[in-house]
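Enquirer: In case you want the letters, here they are:
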Amino acid sequence: MKIEISKLEFTYPGGVQALRGVSLEIEPGEQVAIVGQNGAGKTTLAKHLNGLLKPTSGSIHIGDWDTREQSVSKLAQRVGYVFQNPDEQLFSKDVGTEVAFGPRNLGFSGEQVQGLVNDALMLTELSDKTDTNPYDLSPTWRKMVAIASVIAMDTEIVIFDEPTTGQDAANIARIANVIKVLRERGKTVITITHDIDFCAENFERVIAMSQGKILLDGKANDVLGEEEILATTYVDPPQLTRLGKRLGFKETVRNEKEFLAILTKQGHG
Amino acid sequence: MPDRLSFYLKKNSIIHALNPFTKLTLVFAIVTYGLIGAGFWTATILVCLALLPLAFTARLLKEYLGVAVKLILPTAGFMFVMQSIFIPGGTTEIFRLGSISIELETVQRSYLIASRIFLFISAFALLLLTTHPSELMTNLTQRGLPPQFAYVIISTLQIIPQMQAKSLTIIAAQRSRGLDTESSFIKRIGLLVPLVGPLVFGSLVEVEERAIAIEARGFTSTHKKTYLHEVPDTNLDRAIRTILIALIIVAVVWRVWPS
Amino acid sequence: MAIVNLQNVTYKYPLTEKPALQNIDLQMKEGEFVAVIGPNGAGKSTLCYTLAGFVPHFFKGELTGSVEVARNETSKSNLHEWVLNVGLAFQNPFNQISGAKYTVFEEIAFGLENIGVPREEMKGRVKEAMKMTGISDLADRSPYSLSGGQQQRVALTSILVMQPKVLVLDEPTSQMDPIGTREVFSVVRTMAERGMTVILAEHKMEWIANFADRVIALHEGQILVDGKPGEVLTSDVLTEKGFGISRYTSVARRARELGLWKRDTLPVTLEEAVKGFKE
Chain A
250 MKIEISKLEF TYPGGVQALR GVSLEIEPGE QVAIVGQNGA GKTTLAKHLN GLLKPTSGSI
310 HIGDWDTREQ SVSKLAQRVG YVFQNPDEQL FSKDVGTEVA FGPRNLGFSG EQVQGLVNDA
370 LMLTELSDKT DTNPYDLSPT WRKMVAIASV IAMDTEIVIF DEPTTGQDAA NIARIANVIK
430 VLRERGKTVI TITHDIDFCA ENFERVIAMS QGKILLDGKA NDVLGEEEIL ATTYVDPPQL
490 TRLGKRLGFK ETVRNEKEFL AILTKQGHG
Chain B
2 MPDRLSFYLK KNSIIHALNP FTKLTLVFAI VTYGLIGAGF WTATILVCLA LLPLAFTARL
62 LKEYLGVAVK LILPTAGFMF VMQSIFIPGG TTEIFRLGSI SIELETVQRS YLIASRIFLF
122 ISAFALLLLT THPSELMTNL TQRGLPPQFA YVIISTLQII PQMQAKSLTI IAAQRSRGLD
182 TESSFIKRIG LLVPLVGPLV FGSLVEVEER AIAIEARGFT STHKKTYLHE VPDTNLDRAI
242 RTILIALIIV AVVWRVWPS
Chain C
2 MAIVNLQNVT YKYPLTEKPA LQNIDLQMKE GEFVAVIGPN GAGKSTLCYT LAGFVPHFFK
62 GELTGSVEVA RNETSKSNLH EWVLNVGLAF QNPFNQISGA KYTVFEEIAF GLENIGVPRE
122 EMKGRVKEAM KMTGISDLAD RSPYSLSGGQ QQRVALTSIL VMQPKVLVLD EPTSQMDPIG
182 TREVFSVVRT MAERGMTVIL AEHKMEWIAN FADRVIALHE GQILVDGKPG EVLTSDVLTE
242 KGFGISRYTS VARRARELGL WKRDTLPVTL EEAVKGFKE
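Chains as they are written, first to last, in our numbering: chain A, 250 to 518; chain B, 2 to 260; chain C, 2 to 280.
Keep in mind the hints are simulated off the structure, nothing from the lab.
Wrong hints could be hidden among the right ones.
As the list claims (entries may be wrong) - Which chain A residues face chain C? A few, computed with CB under 10 Å, are given here:
#, residue
1, 286
2, 287
3, 288
4, 379
5, 422
6, 488
7, 508
Unchecked claim - Each pair of labels, with its calculated beta carbon distance range:
#, chain 1, residue 1, chain 2, residue 2, range
8, C, 258, A, 495, 19 to 29 Å
9, C, 79, B, 145, 19 to 29 Å
10, A, 308, B, 74, 17 to 27 Å
11, B, 157, A, 264, 26 to 36 Å
12, C, 132, A, 496, 53 to 63 Å
13, A, 317, B, 205, 33 to 43 Å
C-beta: ideal position from N, C-alpha, C; glycine also.
Please build the complete structure, drawing on both the sequences and the hints.
Expert: Written out as C-alpha cells, the structure is:
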C-alpha cells in the first residue's frame, strides 16, 4: 500500500509549527528510518500516518484513503503504530488477550484472531508467556508485548516510535528480527529512531528531518555519509561509517559486511 | 504542555508584595463578615467595597471579573433553580412564564446565597491570583504546616494536568489499535478498561519512583529546612493582620453578645 | 582506603525466590568512575539501589553481606542520613520531578531546602550546578514543559547540586541525543576528577570506553568481569553471554579472523580502531 504525503504542514493548537511542508512517497514494502534531533517533527509526521493528527494543510493518502476522511480506528486496518511506552497501552490480564485486542477490534473472526495472535507471539518470542500478566514481565518483555499487539493486526504498514530506547542488546536483536520478517512479508516499515547504528543496520532508506522539514532522503548509504549535513540535526553517522571515513574509504559503509568487504579488497589490492 | 499550571499571575503590585499569611487573614476576615453580616446586601457590599478595589490595586481587575463571570452566572442560576424547586411558596409574583410563576422571595433568597458563595470563592481566587502557590506553601510550612501536607497539596495541583496529558496518550494508543471511541454510550462503558487500566498501573509505578526520587533528595531529612524564596513579612503586614484580627473579634463579639 | 566497600552482598526482593544480587564483592576508590554494564534484568538497577541505600531501606527484602559507603554501614544507618553521602538519579526523568516546584531553578533547589542549606549558598550552588550541566537557560521554565532529554539533565543536576561523595546514575542518558549524552559523560568525568566517586549503569559502550576508569559486567546478579574498559569491553565472554558490544570491537574481531586485524588486543573506541586498522 503506497503512502503519499503532499505539502504537509502542521501547527499545534498552541501555535508551534511542527511541520513546514513535507512531501514524500513511500512505496509498498519499503523499510524507512526517520532520524533527527528532538523536536525535528519526526513523531508529528508519524502521527499523521494513522490519522492521530490531521494536516493543517496538505494531504496524506494511505493507498486510496485520504487520512482527513477516515477515523483513527478505521485507519488502524492499514496502519499499525507501536508507541514508545508500552505501559501506556497494556491493560489485559494476560499476554494472549492483550495481543488479541487489536485484531478483534478490526473484526477478524475468532479463528483468524487466534492465528494472528499465535503468529505475533512466535515472532516476538513470547509464545511461552501467553498466559502471563503483562505487568509481571520485565519492561523489556512488555515492549515485546506492545510490538506483538500491533503485529497481530496484520496491517500493510507498521510504524515503530523509538523501538530501541531503554532496550538491551538481546532485545534490540529481537526487534531487528521482527523488522526483518516484516520486510520478507512485504510489509512497509517506518521507524523513528535516535539509534543511528540500529538505523544503519536495518533500513534501506533513511530520511533525516530538521525543524519540520526533510533535510535528506535517500538510500541509507548516501544519507548516512553526509556527515556535515547530519550534524546540523545533531545526528552522528554510525560507528562503522565514521571508521570507514577515517580510514579513507571512498565509499560509505554502514555495516560489518560492507566494511569487511572493502577492507578485504584493500588488503589484497 | 502549558508552562503555567496555577492561577498565579505575576504583577508588580502592593497586593502581590503582601505576605501570603496576611492575604490569608484577609480572606478569613472577608469570609467571617460574609457569614456574620445578616444584611441582604452584605456580601454584595463586601465584593464592591473590598474585593473589587483589591483586584484593581493588584492590577488584576480584568482577570478577577473574568473569574467572576465564569463563577457567578452558573452559581446564581443553579441556586435559583434549586430554590424555585425546593422552597416555593413566595407571595409576590414578579412575572409569569406560562404556568411557572416567578416570585420575588425566590429571587431574593437565590441572590443572597449566590452572592455569599461568590464572595467566598472569589476571595480565595484573588488570593491565588496574587500569590505564588509555592510561596503560599513555603510560608505556611514555616508557620508550622507539616511539609508532607504542603507537598501533597502542591504536587496534586501539578499532577492533574499531567494525568490529563497521559490519558490522551493512552486514548491515542488504543484508537491506533482499532478501538472505536466514537461509538454508542453502552459500548463506551466497555471502553473504560483499556483506558483506565494503563492509567492506574502507570500511577502506581510513578508513585514508587517519585517517592524514591524525593527521598534521594533528603525529603525526610531531620535537618531544619531552609527556603529558596524569602517571603517578606513587613511591619505593614503585621499591622494589617492586627487590624483584621481586631475586626474579626469585633464582629464575632457583636454577633454573640446577647442583645 | 575504599570509599565504597561491598562484601559478599546477596539480596532478594520481597516475594521472590531468585536473588537479584549474588555474592557481590566490590571496592571503589575515591574519585573513581566505574561503569556497570549488563543485559536488562542482570541486576544493574538493584546494585544502584543498594549503593544508594534504597535496598534494603525502601524495598525491604533480604540483604546479607556488608554494604559500606564512606565508613557507614547500610544496616546501621537511616535512609535520610545515607542519601547525604550517596546521590541517585535514575532512568525515567518524568518520575524524578518532585512535583512540588514550578520552575527548574526551584526544582534543583528542592534537595538543598530539605537538608537546610542557607539561602545564599543555596542560590550559588544551584547556579553553579546548572552551568555545569548546561541548563542555565532553562532556569525559569516549568520542569513539566521540558523534553525527556532536558528532564534527565534536570534530574542529574538536582542530585549533583547536593554534592554527594558517591554519585549513582542508572541509565541517565537513555532519552538523550548524542550531543546530550556526550555532555553528560563529560560532566560526570569532571566530577570524578574533582574527587566524586561515580557509578554509572549504561548500555552506550562507545561512551563508556571513552570516559570510564573501570567497567563491571553484571550477569544474572553476579559480577562476570571487572577491570579496565579496554579489557572488559573486548573480552570474549561478553559476546557469549549476549552483552551488547561496541561495533568497533565486533568488526575488529571479525577482521582478526580474516587476518585483517594485526594487534593482540581489540579496540573499543574509534581512535583505537583507526590506529589498529592503519597498521
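Enquirer: Hint by hint, say whether it matches the structure.
Expert: Hint-by-hint comparison with the structure:
The beta carbon of residue 286 of chain A is positioned within 10 Å of a beta carbon in chain C (closest approach about 5 Å), and the interface hint is therefore held. Checking residue 287 of chain A against chain C: minimum C-beta separation of about 5 Å stays under 10 Å; hint holds. Interface hint at residue 288 of chain A: satisfied, since its Cβ lies 7 Å from the closest Cβ of chain C, which is below the 10 Å cut-off. This hint is violated: residue 379 of chain A has a C-beta 20 Å from the nearest C-beta of chain C, more than the 10 Å allowed.
Taking 10 Å as the C-beta contact cut-off toward chain C, the hint placing residue 422 of chain A at the interface holds, the least distance being around 8 Å. Given the 10 Å rule on beta carbons, the hint for residue 488 of chain A holds: about 4 Å separates it from the nearest Cβ of chain C. The closest approach between the C-beta of residue 508 of chain A and any C-beta of chain C is roughly 6 Å, which is under the 10 Å cut-off, so the hint is satisfied. The supplied range of 19 to 29 Å is met by residue 258 of chain C and residue 495 of chain A, whose beta-carbon atoms lie about 22 Å from each other.
Restraint check, residue 79 of chain C to residue 145 of chain B: a C-beta distance of roughly 24 Å satisfies the suggested window 19 to 29 Å. Restraint check, residue 308 of chain A to residue 74 of chain B: a C-beta distance of roughly 43 Å breaks the suggested window 17 to 27 Å. Between residue 157 of chain B and residue 264 of chain A the Cβ separation comes to about 29 Å, which falls inside the hinted range of 26 to 36 Å. Separated by about 39 Å at the C-beta atoms, residue 132 of chain C and residue 496 of chain A break the suggested range of 53 to 63 Å.
The hinted window of 33 to 43 Å between residue 317 of chain A and residue 205 of chain B holds, with their beta carbons roughly 39 Å apart.
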